[in-house]
Amino acid sequence: MLGWGVDRLRADMSRLLAILFHQGVLDEQFLQLQQLQDESSPNFVSEVVNIYFHESEKLLRNLRGLLLDREFSDYKKMGIHLNQFMGSSSSIGANRVRNVCVAFRAASEQNNRAGCLRALELLEHEYCYLKNKLHELFQMEQQRVLAAGARYPLQQQQH
Amino acid sequence: MTTHINGSWELGAKMTALVVDDDSINQTIHHRLLEQLGIENQVARNGKEAIDIHCSGKKFDLILMDRDMPIMNGIEATRKLRAMGIRSMIAGVSTRCVKQEIQEFMEAGLDDYQEKPLTSAKIISILRKIHHSGSISY
Numbered sequence: 001m002l003g004w005g006v007d008r009l010r011a012d013m014s015r016l017l018a019i020l021f022h023q024g025v026l027d028e029q030f031l032q033l034q035q036l037q038d039e040s041s042p043n044f045v046s047e048v049v050n051i052y053f054h055e056s057e058k059l060l061r062n063l064r065g066l067l068l069d070r071e072f073s074d075y076k077k078m079g080i081h082l083n084q085f086m087g088s089s090s091s092i093g094a095n096r097v098r099n100v101c102v103a104f105r106a107a108s109e110q111n112n113r114a115g116c117l118r119a120l121e122l123l124e125h126e127y128c129y130l131k132n133k134l135h136e137l138f139q140m141e142q143q144r145v146l147a148a149g150a151r152y153p154l155q156q157q158q159h
Numbered sequence: 001m002t003t004h005i006n007g008s009w010e011l012g013a014k015m016t017a018l019v020v021d022d023d024s025i026n027q028t029i030h031h032r033l034l035e036q037l038g039i040e041n042q043v044a045r046n047g048k049e050a051i052d053i054h055c056s057g058k059k060f061d062l063i064l065m066d067r068d069m070p071i072m073n074g075i076e077a078t079r080k081l082r083a084m085g086i087r088s089m090i091a092g093v094s095t096r097c098v099k100q101e102i103q104e105f106m107e108a109g110l111d112d113y114q115e116k117p118l119t120s121a122k123i124i125s126i127l128r129k130i131h132h133s134g135s136i137s138y
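If you read the sequences in order, they're chains G and X. Count the first sequence with full-length UniProt numbering and you get residues 1 to 159, in order. Count the second sequence with full-length UniProt numbering and you get residues 1 to 138, in order.
You may find that some hints are simply not true.
[What the hints assert, rightly or not] Only pairs whose alpha carbons sit at most 30 angstroms apart, straight line, appear in this in silico DSS-like list of lysine-lysine:
1. G:Lys76 x X:Lys80
2. G:Lys58 x G:Lys76
3. G:Lys58 x X:Lys58
4. X:Lys59 x G:Lys76
5. G:Lys131 x X:Lys80
6. X:Lys58 x G:Lys77
7. G:Lys76 x X:Lys99
8. X:Lys99 x G:Lys77
9. X:Lys48 x G:Lys133
10. X:Lys48 x G:Lys77
Derived from the structure by calculation, the hints contain no laboratory data.
All chains should be built: construct the whole structure from the sequences, respecting the hints.
What follows is the structure, encoded as C-alpha cells:
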C-alpha cells in the first residue's frame, strides 16, 4: 500500500469520488465540506464526517428501537429523529441517505409501520454503503499524505 | 480563501457572528464557514443560550438562527431578541421549505432566511445585506 505513488492515490481518490457523485451517494455539499479544509483545518472533512457517523448510528438505533417495540405508536418521535437525520445528511452531502429519510418520513406521516420497516432496512443499507466508501476515501487520503511525506497528524479512526 | 464583498470588508471592527443550532454537525460546519470568511464567531446550542449570551452583554453583527431546537426554538428566540432591542442581522436557517412555516419564522423578526445546508455563497448573500443596510449592532 505504502509503495503506491502519490499521483496514483490521488487518481484513485478522484475516481472513487466521481463514482460516488455519479451514483448520487454524495452531492455538491460534500464539495463545500472539502473547500472548508485547508492548512489551518487539515482534517476538517473527516472530523465532521466522524461526528455524522456517531450521530447517525445513535439515530438508527433509536429508530430501530421505536419500530421493534410491539407497542410502538409514537410516529411523532420517529419524525423528529428523521428530521435530524435528514438535516445532518444534507449538511455533509449524503444525498442518497437523505432521500431515503424523506421516503421514511412519508411512511411515518401515514402511520405506515410496514413501510417504515422497509424504509429502515433501506436506510441502514445506504448508510453502511456510505460509511464504507467514506472510510475507503479517508484511508486513501492518509496513505497519500504518508506517501507525500507531508506533516499532517494521523487521523484517529473512531468506530 | 479570500472573499471580498464589493471590494472590501470595511465595516470598522472585525465582524462577529453567533451560530445558534442544536445539531453538532451544523455547529461545526457553520462555525468553520464563518471562520474561513474571517468572521469571529461562537456557538449557542439553543435559543435560550443565545438569549443568555446577549444578556451577558455580548453583541454580534450576524446571528444564524436554526428554527427547530430544544428548550427554546428559533422563532421564540428571535422574538425575544427583538423585544430586547437587538438589531443584529438575524438570518433564519432551517431545512423547512413550506411557505407558511418560513413566513412564521420571518414574522418573528428575521432579516433573511436560508434553507439548509448552508454554503459560503449563502452566507455571502447574507453578509451583502448587512453591508448594504449598514446594520451593525455595536
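Right, here's what the structure says about each hint:
1. G:Lys76 x X:Lys80: 27 angstroms, holds
2. G:Lys58 x G:Lys76: 18 angstroms, holds
3. G:Lys58 x X:Lys58: 35 angstroms, violated
4. X:Lys59 x G:Lys76: 36 angstroms, violated
5. G:Lys131 x X:Lys80: 41 angstroms, violated
6. X:Lys58 x G:Lys77: Distance of about 35 angstroms is beyond 30 angstroms: violated.
7. G:Lys76 x X:Lys99: Measuring from Cα to Cα gives roughly 21 angstroms; hence the hint holds.
8. X:Lys99 x G:Lys77: Roughly 24 angstroms between the alpha carbons, so the hint for X:Lys99 and G:Lys77 holds.
9. X:Lys48 x G:Lys133: With a Cα-Cα distance of about 39 angstroms, the restraint between X:Lys48 and G:Lys133 is violated, given a limit of 30 angstroms.
10. X:Lys48 x G:Lys77: This hinted pair holds, its Cα atoms lying about 22 angstroms apart.
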